[in-house]
Amino acid sequence: MVIDLLKECLKKSRGYGELRYHKRDTFTVSLKDGKIDVLNSGIIEGACARVLKDGSWGFSSTTMLEKDKIDKILEDAASLAKASKSKKKRSVKLASVKPHVDKYETPMKIDPRKTGREEFVRLIIDVDKNVRGFSKNIVSDTVTFNIVDDELAFLSSEGAEILQRIVRCFGNVMVIAREKGNIASAYESIGAQSGLEVLEKTPLINVGMTAAERASKLVSAKVAPAGLFPVILENRIVGLLAHEAVGHCSEADLVYSGSFLADKIGKEVASEKVTLVDDGRYLNGFGTMKYDDEGVSTQKTAIIAKGICQSFLHSRETAQHFGVNPTGNARAWNFEFDPIIRMRNTYIETGDYSMEDLVEDMKEGFFLKGGLSGQADFTGEFMFGTQEAIKIEKGKLTESLRGVTISGNAFEVLKNVDAIGKDFVMRIGMCGKEQINYVGMGGASLRTNVLMGGTK
Amino acid sequence: MSLAELTRSAIKYSEKIGVDEVEAFAQSLQIIEIVLERAEIQSERVKTQCGIGIRIIKDKKLGFAFTSALSKSRIEESCRNAKSLANVSISNPDWVSLPTPAKLPKPPSGIYDEETASMGGDEVLNLAKQAYDAAKGYDKRVDIDDGKFSVILNDVAISNSHGVEAEEKTTLLEGFLICMAKEHGETSSMAFEYEITRAIRDFSSERIGRIAAEKALASLKPKAVRSFVGKVILDSDPAATVLIQPIISSVNADNAQRGRSLWAGKHGEEVASQKLTITDDGLFPKGIGSSSFDFEGVPHQKTPVITHGKLQSFLHNSFTGNKEGKKSTGNAYRDGYNMPPSIFASNLIVEAGKKRLEEMISETDKGVIVRRFSGNVRPESGEFSGIAKQANYIEKGEVKYPLKETMVSGNVFQAIMNIVEIGSETRPTFLASYVPPIMIAKINIISK
Chain D
1 MVIDLLKECL KKSRGYGELR YHKRDTFTVS LKDGKIDVLN SGIIEGACAR VLKDGSWGFS
61 STTMLEKDKI DKILEDAASL AKASKSKKKR SVKLASVKPH VDKYETPMKI DPRKTGREEF
121 VRLIIDVDKN VRGFSKNIVS DTVTFNIVDD ELAFLSSEGA EILQRIVRCF GNVMVIAREK
181 GNIASAYESI GAQSGLEVLE KTPLINVGMT AAERASKLVS AKVAPAGLFP VILENRIVGL
241 LAHEAVGHCS EADLVYSGSF LADKIGKEVA SEKVTLVDDG RYLNGFGTMK YDDEGVSTQK
301 TAIIAKGICQ SFLHSRETAQ HFGVNPTGNA RAWNFEFDPI IRMRNTYIET GDYSMEDLVE
361 DMKEGFFLKG GLSGQADFTG EFMFGTQEAI KIEKGKLTES LRGVTISGNA FEVLKNVDAI
421 GKDFVMRIGM CGKEQINYVG MGGASLRTNV LMGGTK
Chain E
457 MSLAELTRSA IKYSEKIGVD EVEAFAQSLQ IIEIVLERAE IQSERVKTQC GIGIRIIKDK
517 KLGFAFTSAL SKSRIEESCR NAKSLANVSI SNPDWVSLPT PAKLPKPPSG IYDEETASMG
577 GDEVLNLAKQ AYDAAKGYDK RVDIDDGKFS VILNDVAISN SHGVEAEEKT TLLEGFLICM
637 AKEHGETSSM AFEYEITRAI RDFSSERIGR IAAEKALASL KPKAVRSFVG KVILDSDPAA
697 TVLIQPIISS VNADNAQRGR SLWAGKHGEE VASQKLTITD DGLFPKGIGS SSFDFEGVPH
757 QKTPVITHGK LQSFLHNSFT GNKEGKKSTG NAYRDGYNMP PSIFASNLIV EAGKKRLEEM
817 ISETDKGVIV RRFSGNVRPE SGEFSGIAKQ ANYIEKGEVK YPLKETMVSG NVFQAIMNIV
877 EIGSETRPTF LASYVPPIMI AKINIISK
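Taken in sequence, the protein lines are chains D and E. Numbering of the first sequence is given in the numbering used here, commencing with residue 1 and proceeding in unit increments. Numbering of the second sequence is given in the numbering used here, commencing with residue 457 and proceeding in unit increments.
Everything hinted at is true.
Take a look, some chain D residues computed to stay more than 12 angstroms from chain E by CB distance:
#1 K7
#2 D68
#3 V101
#4 D149
#5 E197
#6 K267
#7 E356
#8 E360
#9 S400
#10 D418
#11 D423
Below, simulated SDA-like cross-link-like pairs (lysine to any residue); rule was C-alpha separation at most 20 angstroms, straight line:
#12 E:K604 to D:W333
#13 E:K904 to D:N416
#14 D:K32 to E:N778
#15 E:K779 to E:D476
#16 D:K12 to D:P99
No wet-lab data here; the hints were simulated from the structure. For each residue, glycine too, the CB sits at the ideal point set by N, CA and C.
Make a model of the complete structure from these sequences and hints.
What follows is the structure in structure tokens.
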């Protein structure tokens with residue numbers, strides 16, 4: 001019904017115009033120290049218009065889905081485009097794409113819409129019991145499970161008409177251990193773009209126990225040392241390296257400003273063992289969508305193939321500017337935002353080393369586990385936090401230490417990759433670039449050197 | 457219908473369908489924002505974010521539902537949803553009650569500004585342009601990466617079934633710019649500068665541009681320094697990120713009650729250097745977190761948090777207050793209408809010292825000044841580590857050179873015991889706090 005209304009309104013739009021509709025239905029259940037905090041559910045719903053007039057974009061959004069309000073956002077977008085034209089240097093042109101008419105829905109075995117909310121209460125109560133029962137030194141935990149069910153529509157004056165339903169289920173466990181005046185926290189998450197079957201494939205309780213074990217162990221551990229060290233990055237944090245350190249530098253809007261990769265197409269930027277991909281179609285990837293928020297069909301884009309820089313990530317606008325095809329990377333957080341270039345599922349392709357082999361060949365170094373938040377400048381200088389650093393001495397894992405933030409220049413770090421494991425995982429992530437968005441991050445454990453921000 | 461009428465009607469309806477207690481929180485944010493990207497104006501957005509969140513309690517079971525559609529039928533549907541969620545929940549033995557009515561103070565001065573509220577897209581665009589021109593005009597080696605300028609008109613209404621009624625309008629202006637400087641094919645680290653004010657007359661776009669440019673230039677031609685343990689001056693923004701964030705977490709009564717704060721049970725004990733005095737003041741004139749009441753409708757107040765290093769009070773909402781038989785300190789906080797209340801500082805004010813930043817530098821024999829921190833802080837344990845961006849090496853009272861690929865690390869709870877000096881130039885930060893530059897000792901300064 002809404003779609004028919006939008007279609008009718010868009011007919012009158014002159015020049016290039018698009019209308020997006022977005023309804024986001026969310027459900028969150030959270031348990032704090034065994035007590036239900038709150039069951040939270042709700043809906044945000046709205047539409048937005050983006051209009052291109054004489055090479056200038058205008059954007060406007062509304063939560064009121066009535067004909068006169070939709071007409072108004074189209075008019076507002078057009079007049080904003082006109083008004084800001086004189087203040088913009090760049091004249092926008094769009095790469096041409098096929099206007100798709102299609103429907104897509106997250107492949108699901110168990111649709112969360114058909115499951116009673118009390119099921120989720122039972123689930124997290126069970127996880128919490130096990131986590132807090134793990135050890136006497138565990139004093140507090142928070143177990144959370146979320147369902148985000150998005151209905152999206154994209155209509156353009158070129159004739160595109162795309163309906164997508166994207167369902168994400170994800171959960172996390174945060175654990176605090178205390179002992180003799182010391183405190184340690186640990187955090188782990190699961191999730192995918194999928195139905196509730198994600199809970200069968202990657203039970204929340206498993207990561208809950210990983211977090212419990214980590215907090216319990218690290219409460220009496222020292223902080224890792226400071227300095228440049230050989231390290232093995234655990235599979236679950238390699239995705240952070242792919243995303244933070246490399247991915248952002250390949251976003252065409254940052255390339256345009258002169259990011260590290262700006263003049264590197266066709267050049268060697270990493271060890272030949274490294275192939276790094278941003279994939280819009282990765283099955284169950286947190287950032288997967290069949291079409292991006294400009295109606296472009298998504299694809300698998302190799303940013304680095306065997307160490308050589310291959311491609312950037314594009315919107316229709318930057319693709320036209322660079323003279324290439326759009327890659328389907330224009331994404332918006334919700335209807336209040338115009339799409340910008342974002343990653344989808346970014347990962348380093350798997351290698352063939354077993355974990356034993358990775359450790360065995362290292363004389364002295366650290367096995368870094370458990371990711372925390374990260375950031376990167378477009379020069380390739382990145383940082384992200386780790387929760388645990390297990391010492392490696394003469395090819396053996398020894399003492400567990402508290403993890404620290406690591407940093408380096410992404411491309412030096414990637415040039416130093418000498419072995420990649422075969423334990424590939426894809427995990428969930430939230431990326432904040434002007435507006436936040438869901439992304440997937442993946443990889444297998446790998447060996448390289450990083451600067452560790454520990455204790456002297 | 458006004459927001460207050462909407463919240464009142466939600467209470468009436470919920471009472472009709474049979475609940476023990478109900479609270480409605482409605483918010484309308486009118487935002488105009490200009491986004492700069494790739495050194496030019498990328499987007500101009502005019503948007504209204506509005507919605508209502510309904511918290512329902514039945515037999516000590518809590519349900520919460522929200523909607524962005526403010527029609528009667530959608531609000532009533534949300535009330536029914538919240539009730540049905542409460543029904544399938546499990547009772548929380550710690551639940552006592554929603555807050556009861558209390559006399560609200562007069563609105564703090566300067567939290568709403570008519571001139572700011574009436575700003576249009578063109579005026580916000582001009583702010584962005586002024587900052588842009590100031591940065592570009594400062595030095596031709598300076599380039600702008602991105603930035604954002606927003607003017608926000610915030611209207612909040614809260615009602616509950618005990619008779620709490622509160623509504624208030626505030627204005628806010630935010631702007632930031634990220635610059636870099638380029639010389640001989642080398643690019644400096646990214647320099648960040650910002651302003652947050654309640655009124656346009658207190659906002660200087662020109663200052664943002666000029667300071668961002670100055671910082672970017674100051675980080676050209678960086679050098680590595682050998683690792684050492686020593687003094688670090690954290691400018692306001694990194695001082696908030698590194699030091700204040702774990703303090704806010706540690707004085708959060710929910711964290712203390714749940715054993716997540718190292719300060720639990722340390723009331724009256726020395727937790728920091730005598731130089732440190734911190735007050736949470738929700739009524740601070742022109743304060744970026746000021747209003748008459750918190751997000752449960754409880755009156756805002758002034759709460760001493762740390763006085764000369766001694767822990768004075770934890771910050772409560774009504775839930776944690778009730779749990780201990782204490783009054784809420786008016787620190788209920790929500791990220792938006794779609795969340796039930798948690799706890800956060802209103803305006804956490806670090807008492808200023810006597811010395812200006814220049815004096816602090818001139819009295820430093822060997823140390824580092826950090827103007828941007830990109831790293832991780834573990835709020836519970838206080839461990840921090842990250843890259844010192846926009847950082848310069850100080851020797852014999854002078855700023856010598858910018859630092860290359862340097863990290864800093866330490867423990868916040870030890871660091872605040874080792875405060876050397878607190879500066880006199882307090883500024884608002886994005887972390888609901890007013891913070892001057894702070895010099896701490898015995899910090900790891902790490903390079904390759």
